[in-house]
Amino acid sequence: MDDETLFARLAASAPPTSPRGDRLRAALDEAVTATRPARQRRNRWLLGGVGLSVALLGGATAAFASEPLLDWLGFAPDQSLSHTNSDGDFCVAGMAVRPDGVEDDDASFLAAKKVLLGIDFDTLEIPDNVRDNYAYSAEAAAAKAAWIAEHNAAHPEATLQPALSDPESSMLIDTAYQIIVADVASEGLDTSHFTLEAGGTCAEVVR
Amino acid sequence: MKRAEQEMHLEALIRANASDLLAYLERRIDPRADAADVLSETFLVAWKKVSKAPSGEVGGRMWLFAIARNMLLNAHRSTRRRLAVAIRLRQELEQPLVDIGSLDELVVREAVGQLSVEHRELVQLVHWDGFSLVEAAHITGISSSTARSRYAAAKQRLRVALAVEPLDSLS
Chain D
1 MDDETLFARL AASAPPTSPR GDRLRAALDE AVTATRPARQ RRNRWLLGGV GLSVALLGGA
61 TAAFASEPLL DWLGFAPDQS LSHTNSDGDF CVAGMAVRPD GVEDDDASFL AAKKVLLGID
121 FDTLEIPDNV RDNYAYSAEA AAAKAAWIAE HNAAHPEATL QPALSDPESS MLIDTAYQII
181 VADVASEGLD TSHFTLEAGG TCAEVVR
Chain S
1 MKRAEQEMHL EALIRANASD LLAYLERRID PRADAADVLS ETFLVAWKKV SKAPSGEVGG
61 RMWLFAIARN MLLNAHRSTR RRLAVAIRLR QELEQPLVDI GSLDELVVRE AVGQLSVEHR
121 ELVQLVHWDG FSLVEAAHIT GISSSTARSR YAAAKQRLRV ALAVEPLDSL S
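Chains as they are written, first to last, in my numbering: chain D, 1 to 207; chain S, 1 to 171.
I should point out that these hints are in silico values taken from the structure, not numbers from a laboratory. Idealized CB from N, CA, C, for every residue including glycine. Don't take every hint at face value.
[As the list claims (entries may be wrong)] Computed cross-link-like contacts, SDA-like style, restricted to lysine to any residue with a CA-CA straight-line distance of at most 20 angstroms: (1) Lys48(S) - Pro37(D); (2) Lys144(D) - Tyr134(D); (3) Lys114(D) - Asp78(D); (4) Lys49(S) - Ala34(D); (5) Lys49(S) - Val102(D); (6) Lys144(D) - Ala16(S); (7) Lys155(S) - Ala8(D); (8) Lys144(D) - Gly56(S); (9) Lys48(S) - Asp100(D); (10) Lys52(S) - Arg36(D); (11) Lys48(S) - Arg98(D); (12) Lys49(S) - Pro37(D).
[Unchecked claim] Residues of chain S clear of chain D, computed beta-carbon distances all greater than 12 angstroms: (13) Lys52; (14) Pro54; (15) Leu73; (16) Ser116; (17) Glu118; (18) Ser144; (19) Ser145; (20) Thr146; (21) Ser149.
With the hints as extra help, turn the sequences into a complete structure.
Shown next, in the form of structure tokens:
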């Protein structure tokens with residue numbers, strides 16, 4: 001038997017795999033997303049189409065904003081915030097402190113959760129070091145968009161389509177994280193025992 | 001590379017290779033649906049090692065397959081964990097496949113299965129998964145020269161075992 005025949009028979013003997021239809025691709029994508037670890041900067045953003053009406057503009061309290069978040073965040077937020085961004089879109093975000101490699105009764109984790117619960121997002125000021133952070137600059141946004149475009153061009157079969165985020169909400173969440181870390185550290189506790197998971201969404205204003 | 005860049009790089013790597021990794025596991029795990037759990041564990045381990053992911057696409061692909069292979073070996077040694085993150089994928093993989101293969105395909109598969117573990121793994125990586133012999137050597141953690149000699153021996157054994165015309169052509 002020549003190589004060509006042997007190789008053809010070997011290739012044909014590969015056990016079949018599930019057809020890569022839409023349902024399997026969606027399930028695979030879900031597994032990829034779900035296994036990505038929660039980290040402080042992992043903000044999951046959706047934009048529009050979540051049922052938040054313009055009527056909520058200006059009148060939503062943090063407590064009210066947490067209700068729709070529960071439907072899609074995938075976790076019960078410890079805290080939530082809401083605001084209207086510079087484009088006039090109403091945005092809400094939820095946050096939860098998670099133990100990172102420790103038990104639920106870990107002192108650092110519990111202290112971090114307590115600090116988060118005590119933050120008043122209605123009056124929280126974003127410090128300059130957060131507002132001026134490169135991550136929120138136009139340059140960073142352009143670089144990220146270029147990187148994603150380059151990747152998507154090279155991998156049309158597995159494109160990245162990150163949802164747009166709301167920088168103001170992200171800055172508030174970063175500010176909260178800084179406060180949490182500073183407070184936990186001031187108690188002499190380990191700041192590596194927790195992460196802050198957050199997600200948000202914005203409803204576009206109908207103009 | 002900064003942490004954020006490392007994470008974006010790894011996510012891109014995983015998304016680009018997820019389907020092939022799943023196929024790799026599907027072909028080697030019985031019941032096939034358990035591939036969902038091993039795949040998820042592969043992703044979790046990859047994220048734990050995000051700082052060690054090779055920067056190149058090819059190197060990154062080999063690295064992911066090497067992790068999947070280790071997870072597969074562990075899965076064969078121990079009871080598999082059922083992961084909540086893999087439930088939907090598991091359900092999809094539990095759908096029965098229509099095509100189980102021709103008689104000759106089953107005969108060849110049986111012959112491959114009779115090879116030693118080391119020989120079988122190389123043959124499968126090359127002919128089932130489409131890797132070059134050098135890539136297969138990388139994934140299995142052996143030198144290229146060792147892979148060449150093992151592959152030559154495996155081919156010789158297969159020639160002897162399959163020294164008949166493909167069964168489908170006889171009918």
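Here is what the structure says about each hint:
Note on Lys48(S) and Pro37(D): the hinted pairing holds, with a Cα-Cα distance of about 8 angstroms set against a maximum of 20 angstroms. Only pairs whose Cα atoms come within 20 angstroms are accepted, and Lys144(D) paired with Tyr134(D) is accepted, the gap being roughly 12 angstroms. Using a Cα cut-off of 20 angstroms, the hinted pair Lys114(D) and Asp78(D) holds, with the two alpha carbons roughly 10 angstroms apart. Between Lys49(S) and Ala34(D), the direct Cα distance comes to roughly 17 angstroms. Compliance with the 20 angstroms bound is thereby established for this hinted pair.
A threshold of 20 angstroms between alpha carbons decides the hint, and for Lys49(S) with Val102(D) the separation of about 19 angstroms falls inside it, so the pair holds. Restraint check for Lys144(D) and Ala16(S): the C-alpha separation of about 18 angstroms stays at or below 20 angstroms, so the hint holds. Of the pairs offered as hints, the one joining Lys155(S) and Ala8(D) holds, with about 13 angstroms between alpha carbons and a cut-off of 20 angstroms not exceeded. At most 20 angstroms may separate the alpha-carbon atoms for a hinted pair to count; Lys144(D) and Gly56(S) meet this at roughly 18 angstroms.
A C-alpha spacing of about 12 angstroms is found between Lys48(S) and Asp100(D), which places the hinted pair at or below 20 angstroms, so the restraint holds. For the proposed pair Lys52(S) and Arg36(D), the alpha carbon gap of about 16 angstroms is at most 20 angstroms, so the pair holds. Our distance criterion of 20 angstroms between C-alpha atoms is met by Lys48(S) and Arg98(D), whose separation comes to about 17 angstroms. Between Lys49(S) and Pro37(D), the direct Cα distance comes to roughly 12 angstroms. Compliance with the 20 angstroms bound is thereby established for this hinted pair.
Even its closest Cβ contact with chain D, about 15 angstroms, leaves Lys52(S) beyond 12 angstroms, as expected for a residue assigned away from the interface. With a least beta-carbon separation of about 16 angstroms from chain D, Pro54(S) lies farther than 12 angstroms from that chain, consistent with its non-interface assignment. Against chain D, the non-interface label of Leu73(S) holds: every CB pair exceeds 12 angstroms, the least being about 18 angstroms. Every CB of chain D is more than 12 angstroms from the CB of Ser116(S) (nearest about 16 angstroms), matching its label as outside the interface.
Taking the minimum C-beta to C-beta distance to chain D, about 17 angstroms, the non-interface status of Glu118(S) holds against the 12 angstroms cut. With a closest Cβ-Cβ approach of about 19 angstroms to chain D, Ser144(S) is found to remain outside the 12 angstroms limit, as its non-interface label requires. With a least beta-carbon separation of about 20 angstroms from chain D, Ser145(S) lies farther than 12 angstroms from that chain, consistent with its non-interface assignment. Listed as a non-interface residue, Thr146(S) keeps its Cβ farther than 12 angstroms from every Cβ of chain D; the least gap is roughly 20 angstroms.
For Ser149(S), the condition that its CB be more than 12 angstroms from all CB atoms of chain D holds, with the nearest at approximately 17 angstroms.
Checked against the numbered hints above, the structure violates none of them.
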